[in-house]
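Asks: Read off the chains here:
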Amino acid sequence: MKERDIKNIFNTTRSISLSEVERAGMRSLLERKIEAPKKVSVTGFIVSIKERYMQMRWAYVYTPIFATLVLFIGGGFSLAAQDALPGQFLYSIKTNFNEEVAGLFSSNPKAKAELQSRLAERRLLEAQRLAVTGKLTPESSRILEEKLAVHVSSVNEQVESLKSTNEVREAVEAGSRLEKTLRSQEKILTVLNEGDDVQNMVSVVRAALVVVSEENEELATDVANDEGVSEDLALSVDNKKTQAQNEYRRVQDLLINARETNATSTVEILQEKSVAIDSLIKEGDAHITAGSFNKALLQFQKALRLSGEITLEAKKEKETIKEEPVVDPAQTDTESATSTPEVVLNEDTSVVATTTGTIL
Amino acid sequence: MEVERAKKEFLEAYDTYADALFRHCFLRVSDREQAIDITQETFLRVWQYIEKGNKVGNMRSFLYTILSNQIIDYYRKKKSSSLDAIHEKGFEIESGRYGASQIFKETETQHLLSKLHTLNDNYREILILRYVDGLSILEISEILGKKENSVSVQINRATEQLKKKLRL
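Quick mapping for you: the protein sequence lines, in order, are chains A and B. At position 23 of the first sequence the residue is numbered 23 (my numbering), and the sequence of numbers has no breaks. To convert a position in the second sequence, counted from 1, into my numbering, add 1000.
Possibly wrong hints are sitting among the right ones.
[Stated by the list, open to error] DMTMM-like cross-link-like pairs, simulated, lysine to aspartate or glutamate; straight-line CA separation at most 25 Å:
#  : chain 1 : residue 1 : chain 2 : residue 2
1  : B       : K1052     : A       : E35
2  : A       : K33       : B       : E1012
3  : A       : K33       : B       : D1019
4  : A       : K33       : B       : D1073
5  : A       : K112      : B       : E1041
6  : A       : K163      : A       : D238
7  : B       : K1077     : A       : D83
8  : B       : K1055     : A       : E35
9  : B       : K1007     : A       : D232
10 : A       : K147      : A       : E160
11 : A       : K33       : B       : E1033
12 : A       : K33       : A       : E99
13 : A       : K147      : B       : D1031
14 : B       : K1055     : B       : E1012
15 : A       : K7        : B       : E1160
16 : A       : K112      : B       : E1160
17 : A       : K135      : A       : E160
18 : A       : K282      : A       : E218
19 : A       : K110      : B       : E1041
20 : A       : K7        : B       : E1139
21 : B       : K1008     : A       : D232
22 : A       : K33       : B       : D1037
Treat the hints as calculated values from the structure; they're not laboratory data.
Work out the full structure: start from the sequences and follow the hints.
Replies: Right under this line is the structure:
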């Protein structure tokens, strides 16, 4: 085999990367470490330790034994629970203990919001793991739905808290992070498209996305009136713009597929929304050029909300298509006609999965 | 002033190599959380080294060397847990951007990973360094402390083994 072939095979691993939250979290920790003052001298430290040991040697003997026992018993359960899924015995330890403990280390609203976003993502990854193994039941869906609602609500609370202390940039970033997470998870769950419980989960994520998107638009509206924070938002606006452009491309792809399947009403909806999204992005760009990042943020956020509306409307259209399967008139072979792929709307920007499993 | 420059260069190195190091680590240990921890620990160790006033010539090679040592430590600590159990657990590939094409690629990736993990760790490491991280033979030889010729031979052997596993 040629070296080029092997390289191509390994190229598929390019998709593996840190999430934005993970990358930022790690960077933040490193920044804190490199800014932290150096520790006291080693000699002084050892002398101090020796003195303290002499004073409290009995405590030093028994405390580690006790702590080891606690760690062995509690830590064993805690570690084993890390990979538990809804419906399994250790899952409550994972969510009610491990994650609660992790929450104790989040000392400020920004860190709390980051943690809750990450937990929301974790819930949806659990849903995916259950879905692909055919174990996503109504009960596990209900558990995940409840927990997801708690995480979403918690992020919103932290966003409010950041807003109240005038940490506008942090508030915008926290809201955006959750929205981006939900959007990407919604897409993957939609592609899985296996059974009613997965569909139900998709609906739950879409509902959450609508709520978060509206909250973010409300925040962006407030920010749009505050010129003082404009420059702080440059990076957030750039990220938001990228998201809006991705959504615009997704709508364009949906439009092409809708035309191919002669879904007339879908084409009309998509055309209308596509023009509106494009217009909002251009307005956002104009604000960036003028240096009004706060106003640009609102335009891009509106574009994202519109894209969310398409998701819901496309879903309705999909149901209509299901009732009246589209058959290519050129195809005379009955078998071919019945196997005409039904377009599942609301897919990724670049490709659309069909119910026959083909990746277009 | 010197310290400030070192901090700046270190954070730039983080921005440049964090994803690549994480990817390398994830492919070696098959556990996302562990890969994050090991990547973080690697950067912390590199900073501790720099903080003591040491100079780093080739930051990329140095990072991979430290990372490689961290992964070896991880396996030593984890000796008791069966590798089979890790493989059965599967690979959670995660990224910020999902879509149908992403899923398709992930299926391919999972197939590759499942085969990659049937190779011994030396072969796996050398293939990842070469084809995922895109390092030169010279850089790999620096990281692994082996002669260039030996590295080339190992890459060829590892490639042949993987080829058989993938039935190519």
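Asks: A/K7 and B/E1160 were given as a pair; does the straight-line alpha-carbon distance stay at or below 25 Å?
Replies: Distance of about 14 Å is within 25 Å: holds.
Asks: Hint check: A/K33 vs A/E99, CA-CA at most 25 Å. Holds or violated?
Replies: The hint holds at about 24 Å.
Asks: Taken at face value, is the distance from the CA of B/E1041 to the CA of A/K112 at most 25 Å?
Replies: holds (23 Å)
Asks: Does B/K1055 pair with A/E35 here, judged by a C-alpha cut-off of 25 Å?
Replies: holds (19 Å)
Asks: Can the restraint linking B/K1052 and A/E35 be considered satisfied, given a maximum Cα separation of 25 Å?
Replies: Since the Cα atoms of B/K1052 and A/E35 sit roughly 14 Å apart, the hinted pair holds (cutoff 25 Å).
Asks: Would the pair A/K7 and B/E1139 pass a check requiring their Cα atoms to be no farther apart than 25 Å?
Replies: holds (18 Å)
Asks: Please work out if A/K147 and B/D1031 have their alpha carbons no farther apart than 25 Å.
Replies: holds (24 Å)
Asks: Need the status of pair A/K110, B/E1041: alpha-carbon distance at most 25 Å?
Replies: Holds, because 23 Å separates the two Cα atoms, which is no more than 25 Å.
Asks: Starting from B/K1055, check that the Cα of B/E1012 is at most 25 Å away, please.
Replies: Holds, at about 16 Å.
Asks: Straight-line Cα separation of A/K33 and B/D1037 no greater than 25 Å?
Replies: holds (15 Å)
Asks: Against the 25 Å threshold, does the CA-CA distance of A/K282 and A/E218 hold or violate the hint?
Replies: holds (21 Å)
Asks: Holds or violated: are the alpha carbons of A/K147 and A/E160 at most 25 Å from each other?
Replies: Holds - the C-alpha atoms of A/E160 and A/K147 are around 20 Å apart, at most 25 Å.
Going down the numbered hints, you'll see the structure goes against 16, 17, while the others check out.
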